[in-house]
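Using the supplied hints, reconstruct the complex from the two chains, each of which is provided in its own coordinate frame.
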Amino acid sequence: MIRFEHVSVRYPGSDHAVLSGLDLEIPEGELALVVGRTGSGKSTLLRCVNGLVPHFTGGLLTGRVTVDGRDTRDHRPRDLADVVGWVGQDPLAGFVTDTVEEELAYGMESIGVAPDVMRRRVEEVLDVLGMAGERARPLTTLSAGQQQRVAIGSVLTPHPRVLVLDEPTSALDPGAAEEVLALLQRLVHDLGVTVLVAEHRLERVVQYADRVVLVPGGGAPVLSGPPAEVMRTAPVAPPVVELGRLAGWSPLPLSVRDARRRSRDLSERLSAVRPTHPRPDVVPLAAPVVATASGVVVRYGAPAARPALRGVDLELRAGEVVALMGRNGAGKSTLLSALVGLRRPDGGTIRVGPDAADAADPHALAAADLVRRVGMVPQEPGDLLYADSVAEECRAADGDADASPGTALAVFADLVPGVDPATHPRDLSEGQRLALALAVVLAGRPPLVLLDEPTRGLDYPGKERLVGVLRRLAAAGHAVLLATHDVELAATLTDRTVVLADGEVVSDGPSREVVVASPAFAPQVAKVLAPQPWLTVAEVAHALRAG
Amino acid sequence: MTVTAPRAKSTPSVPAALRPLRSLHPGAWWLWATGLAAAASRTTNPLLLGLVLAVAGWVVAARRTQAPWSRAYGFYLRMGIAVVAIRVVFAALFGAPVPGHVLVTLPEVTLPDWAAGVRLGGEVTLEGVAGAVYAGLQLATMLACVGAANALANPRRLLRAVPGALYEVGVAVVVALSFTPQLLEGVTRVRAARRLRGRRHTGLRGLRGVAMPVLEGALERSVELAAAMDARGFGRTATSDAHVHRAGSGAVTLAGLLGVCAGLYGLLDAQSPVALGLPLLTLGAATATVGLWLGGRRSTRSRYRPDPWGLPEWLVSACGVTAAATAVVASTVSPDAMNPSTSPLVVPTLPLLAVAGLLVAALPAWRAPAPDDFGGDR
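So the sequences go chain by chain: A and B.
Start counting the first sequence at 1; every next residue gets the next number (our numbering).
Start counting the second sequence at 548; every next residue gets the next number (our numbering).
Hints were generated in silico from the structure; no laboratory data involved.
Predicted, not measured: the structure shown is a model, and the values here were computed from it.
One thing to keep in mind: the hints can contain errors.
Unchecked claim - Residues from chain B that keep clear of chain A, each with C-beta distances beyond 12 Å, as calculated:
no.	residue
1	Gly627
2	Phe637
3	Ala639
4	Val718
5	Pro728
6	Gly733
7	Met759
8	Val770
9	Phe781
10	Gly795
11	Trp856
12	Leu892
Claimed, not checked - Computed, partial: chain B to chain A, Cβ under 10 Å:
no.	residue
13	Arg707
14	Ala708
15	Arg736
16	Gly745
17	Glu771
18	Arg852
Ideal placement from N, C-alpha and C gives every residue a C-beta, glycine not left out.
Extracted from the complex, chain B is given alone in its bound form (with noise of 0.2 Å):
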């Protein structure tokens, strides 16, 4: 991204209380870039698609930080041009054939009579490219939408916000987060060791000679660091039958989430009546919150300046469901705007209605807050 990012102090003129002095809460920016993600989901219109990545790029550039994680845009949209290439390319030497404007034709294998419907080389059309790269660039937009979610919130500050219950699931992905950057560092410090050892440190053998000790390390400083961790305590409980307690949470919590599963199951379904889905999808919700609310109680944790959802949270996150909710109803009016034909081929239009809710997706831009600089001096 080559744009200059809007800056927060160009525009002075936005009430206070829109302003805190805070960084938003992930969650938020998770439900920003979800929503973007699920309109993105209702159309293959190149444009439009274009749209999404810009409009993610954008706030990206204007609200990330300077830490790590902040330059996971980048990465996913790498990504997702390997996506739209890989998708090309399969398309031209597996795909069904596509009638159309002949590009290229590829030498045909003739495949056994078991093998029919399966092609290899032939024809190249122009319409089945166009409809790979579409569908390829729908995938690669959605990947874009969740590597936006990366840069913009913090992994581990997103997963400090879980309930009490599943605490120490979350401390698991923060101790495993942590942990592949040491692993890294370990290989590293191991290769050299082999070097010095006048040894090769490449090849089979070699990858033996590395993988031991690494492990061996790793597993010590995690023995090193649960032994920090008790002693700073961790795993404290409020009630002395807490094996009891955690069974009987953990069996509501579960009963629950069946519900939540079986009731989107059938809200999804088409063939499925409606009066099943919806209130087995709310039993399920409030069992599962009950159950997540009695597991919370059994730990005496507290919470060190927990992240608050306030108006600036509920503006942003609503900027991505505005997105989502036009791009579903575009998708009814206006059919062929959203998903344009590939074959015959035609030129995309832009349905107005989608891309207005797109635009208000980028309003974060110059509304969210700025974030308070991590690292500020780096």
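Bound-form chain A, shown alone (with noise of 0.2 Å):
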């Protein structure tokens, strides 16, 4: 269905190959995995197969892409929009009109589909989706997952052949993720479609390919072949298959229940001991309270709308990492721009500072005053940058916080050793600008440290040494409260869980307790070795070098 033959890829003005003498054949019917580290060029093999790149993007390719007999190179995106379906990272960003029904329609008008055909074509569309009573719905005020499942949909109305998806559950919490896997699951198996996607949550998606394709990026040539094996060296793996490298057992589990059926010896190896966390699992008492909400309010819009936040009770001390978890919509992002004096509760207080002698109300701290009590990294941490190179960026950040010079390049360098000063902060990778938005921020040491979806775009290795960065930032005495919907990172990370659910707390207390609980948020290895309460594969392999 599609094959590549040879193909290398070249961007102009880069002085190496993206993709270099790449063949692979993907038969009709299956549902292929991508996956590599950030920047190793998945999106880019991506792009090839419905002619973006090099039609749209520019660059030299060499090679023959060809898509259900048609060659990429005499046919345009455009031309391949009746075989390709291709759906880009952030939906919201593709759509072209603005309701639910119109958007389904707009593909098929575009190649001329019909009328009656249409109309029938968006019912039917609207049914795989489930979505068939927001027909009428205007797309932005669809949830997150709704809106990944419409943009899907609106390339399914043409009937494409193949259907190319660029991390697709990245942005969802666990609910999204799993419907908008549910859907890709019923095209394939039902439909027949071929389906191409590039995910770095793979413990999400791996479970349901049939082939995975190791991008290694670097030019290396690419792996393709049977989950199974291909995971079995992977650089990137989810925890269940580390699980499974760690104990040994062949062919590798690749979902919860086949490690579960696996588990049996494993579990009664590892009965005997307790799991040993690095970390006392309470920070103690004593440690100073660096901010406290206490019945915090917040409603947009209307006095009568329902409140995005209803009486929030919460006490964050010095030296704590907490995971804030919860559904899209569920109030997190709100009640951290409350945290950060961004938005003025309604109702309640909100006190942030050193200590609780010298707490104060962030709303209306002076900006300068307000980046020592507590700082923030948002869920786009290119936000917080304007300067033209590293070093300029973060003396500005000097300038600001009031530190003095070399403070937030020696936390940079710290944070990703080896990167030139001179780099534009556009050219840094994803986790990179992370490090240098967290440096920007931890210039004015707040005692607080919030973090928005630190993990959207980050692989496997790059999520462990935020692991590391959060960890030590948290033993010198820093706060660190992350909103996240990355349950594996919410396992290895924190100390503490505080659950969102409509504007209210409905769980706090230690991450253990309250993941291990919880079947949307309990990390994969928690799954496997219920009712043991273990979290980590790292866990495990302490436990079993120790024995």
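See below:
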């Protein structure tokens, strides 16, 4: 169905090829998962399939890419629209119209499908998406999971034989991700669509794949094969695979269910030991309180509207790392922006400061004073960056925070060693940019650091580095609060987990207790080894080595 | 408007054919509103203008949806009030003196000889103020009519009805429409980020710091949108010699539009013979139509659920046209009532013919199909 023959891609102004000598064939009706490190060329590979590379992006493509027998050299993306459906990373950025029904019809209008056929297919796709009730809703009022489903539906209506998706679940909470994956599953099984997906969150997708395509990056040859084989050596792997590697299971389990069925003797070996956490589970109560929220209410829009936060109480102490979890729209980002004073609560009080004696309302503080009490890395770390180079950015941050010159740059070099300070922030990788934003925030040495979805777009090694960085911060006495959908990150990193639902705190306690008890937020290792309270592969490895 | 709007359910006696389960074609609402505006342009009678405002407001209240654009009427009304106020202030300060009842005397600035005829300050008369109010009210009413059209018809659906040849232009406008709110959102985000950096987010330097990242973000987003549109078949053409084709149809359309302009000038200019105007207008319109049709042929697009133009659309447009026509007739029959004198100031009377026409224009409040409400659960 999709055939790459000796394909190399080189972008203008770059001295190395993104892909080189790629030979790959994906048969009809398969769900193929593209995995690889950040920046390894996954997106480029996906964009080759419908000719966006090189027709839209520019660059030099040698070799041949054919889809359903059509050569992308002679067919522009628009001429392939009836064969390939392509969904980009941000569904909202790709919407052309403003309601669900019109968006579903847009692609068909472009390729000139007859009106009665269009009418029928829109109804069919609404059913496939399970969104018939939302047909007339404006797209901006949909939840993130619904938007992603509409984006997929909108390329399905022209009846493409191939569907290409770039990170369809990265921005979604676990529940919404399940919805999207169930939809893909249905398309492959019932409609025989060939699906090509790139995804960082392997733990969500790898079990559904018929084939894994590993893009190692740096021009190394691409590896393609059955998932269990490729995952054996892949540099990126979900926890369940790592557990399988550790225990020496063969074939490698890809789903929690597979792993559970094999885990009996591992469970027996582990039953004698207790997980030893490298950190204390609970931060001593003697640690100073750096932020207090009591009875916080935040409302958007009309006074009658349902508040985004409804009486939230929260206390954060120096040295603890806290995960803030919950569905998309549960109020996580609102709570963060209230804590950092961007949003004044409509009710209740918020106090931040190095200790209870010197606590102040963040909204009333002058910006220059604020950065010394609380810092936040927003969802788009790039928002914080303006300068033309890393060095420039760090110098400005020192000035803003009244820190001694070189503070921010030292922090940055500590976070990601070996980056040239003359680099433009835009040329940094996702993880490096996050580190730079964090360094900028840390220049003010705020006792409280907030992060909004820090792992979006980070691969496993990048996440591991982030975990190390945040642990060191906590050890140095900073309190860290991160809003995240990433259950694995929460399990590895945090001492305490706060779950928000519908603007209220529904659970708040040690991560081990909170996440193991929740079906949605439990990490894979916890699911495999339940009822034993293990959270991460590292814990299990540690215990096995000790035993 | 605190009036209670008539609801569709209160008139079950209307024949089913006139009450389709769909929204009205946006073009029909625009024609209706244009008719009302044309009627307003023929009169400075405050009673009649008030009636136009009431009719427009009544229909909007009865037939608008819950959608964001449906609040346009109130916005345009406020704009109209500002227009009247500005008009009165300017007339009082700079206007030529109108003899009559002096309300207040402002200190007058004596200007040098070369500025003779320009007055600053001086006596403010009741007649002068009334003249300013009448003229301002007329403009405000016409604005409100545009507001009513905006409130009743989704501007994007109107754009969907443009001929195929102008499709690309329509898309550009639609993208621009969705761009503005995104830009505002970007500004909020970047300003928040500046505060997180501990910087001022106001003042000139603050503005520069905000504008650059916002524009960068907007540019990135539009590239992403362009990629998505390309991947979904935007701009597919039927013929291979699309460029030649496009140039040809463009030339024909342009020639036609020039003809229409010349023809309109001939019609409206009293000095030129009518024989020049009408044939040129007809010929121009026909040529432009052919050009648009030629241009439309090269696109392979089809339309999903196009808004049909049926009996209800004809009736609603006819209501607007009636209002305009009666106003035109009334302005020749009873010019004094349509444009009551302000110097000397007289009590305005109501020309019955124009009133009847405006009342016809209010009929859509009961007779037009009720909107099927988008975003029903909001």
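query = Which of the stated hints cannot be reconciled with the structure, identified by number in ascending sequence?
reply = Those not satisfied are hints 4, 5, 6, 7, 8, 9, 14.
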